[in-house]
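Undergrad: Counted the way UniProt numbering counts, the sequence shown spans residues 1 to 374.
A hint or two may mislead.
[As the list claims (entries may be wrong)] Restraint ranges, calculated between C-beta atoms of paired labels, are given here:
no.	residue 1	residue 2	range
1	312	226	20 to 30 Å
2	127	48	41 to 51 Å
3	309	15	15 to 25 Å
4	10	51	19 to 29 Å
5	47	313	13 to 23 Å
6	266	241	21 to 31 Å
7	185	240	45 to 55 Å
8	240	12	32 to 42 Å
9	185	78	16 to 26 Å
[What the hints assert, rightly or not] Mimicking EDC-like on lysine to aspartate or glutamate, the simulated pairs with C-alpha atoms at most 20 Å apart in a straight line are:
no.	residue 1	residue 2
10	242	214
11	242	312
12	205	265
13	307	263
14	242	292
These are computed hints drawn from the structure, not numbers from a lab.
Ideal Cβ positions, reconstructed from N, Cα and C, are used throughout, including at glycine.
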Amino acid sequence: MNKWSEGLPQDVFDRILNLCSFLDSIRVGFVCKSWHRISNLNMIRRPQLPWLMMPSNPNCKSEEEGEGEEEEEGLCVFSLSNNTFYYDIKIPHIRGKSCYGSFSNSGGWLMSIDRNLEVQLFHPWRRIYLNLPRFSISNVFDISPDFDSELSKPTIIKAAMSDDATVVAVISSSRNFAFCRTGEDMIWTLIDVSHQVYRDIIYYKGQFYSVRWDGAIAVLNINTTNPYVETLTGGVNFISRKPTPLQSEMRTIIHHRTYLVPDLESESLFIVRRLAQVDFDGGATYIYTTYDFQVHELELQGGEGRKSVEVESLGDRVMFLGLNSSMLVMASQFSVEVTWKSGKLKGRCWASSCFCEIHRRIYVNFNRRVHLSV
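Whole structure, please, built from the sequences with the hints as guidance.
TA: This is the structure:
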């Protein structure tokens, strides 16, 4: 490499990299070792927009669409920064699995789980894998005697990971949390929260926080002999808004989901409820549409009696919501003008739709065609 590049001041290099896209920054890191080191440091410090990861290339044929030799599916990711799809990213170890955790605070680890409840941590770019203990249905889940249906199969709703690689998961069909510390003696330990329904969990400023379906926030205390859940706030007074059916001849199901989103620049947590409608005609067509967001803010420094306050405007904030992770960024931190179908980036909530979220009555139609409206 020429001497001019080796002697380039790092602050000048950082300014150049800040004008590059995320992918261009990765490409810069392949030039030489010194550029690789500076590029890595820059990507850690700079704000980044999330990438949407999808299970396969939509152009690949499914089992129902055609015959022929089976083609190995790769991942498909969408970059919001440049409105570009990247197809056929091969990560064989996660084929046929679902992602239930995206841990940016821990360096970009993801958590996957398969149909046999085998759990794995993996780093998609470093290609590092760590197998966690398998969930034992008899020990982890409270199974009813008539547990024969795929509709009630227990699974992980959401997971979070601490800086010291402790994973906490919210378990469906059991009213339990389960946590596991990575190391030599890895086991899943339960925290019983009977008669409570928690929908999301995050790791924020050294604590695990979770939110109930009604917007109440709790903190998990796992560094004790008897781990427990401490409720911090009561429920949120969400407003009940009804959707408008898309077509008079279609039936409509209302679906809601509650998210917990941290603000890394302050001491606040945002409670977000997403309201969606599922319109279907009794056949193979379903239209899944988000029709309302409600946002409340809780300041953690409020002390006892703290209450969340409804947020009427997001201002410069942008929230990204999803089953595996949610995050908040400031639109003004990005030099690019990011737009998508519904408008500009600034002051918006973006939600990734997962068909598994839809009402259990139509879960059996998983393989049928679905229309997602944004």
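Undergrad: Could you work out which of the previously given hints the structure breaks and list their numbers from low to high?
TA: 1, 2, 3, 8, 9
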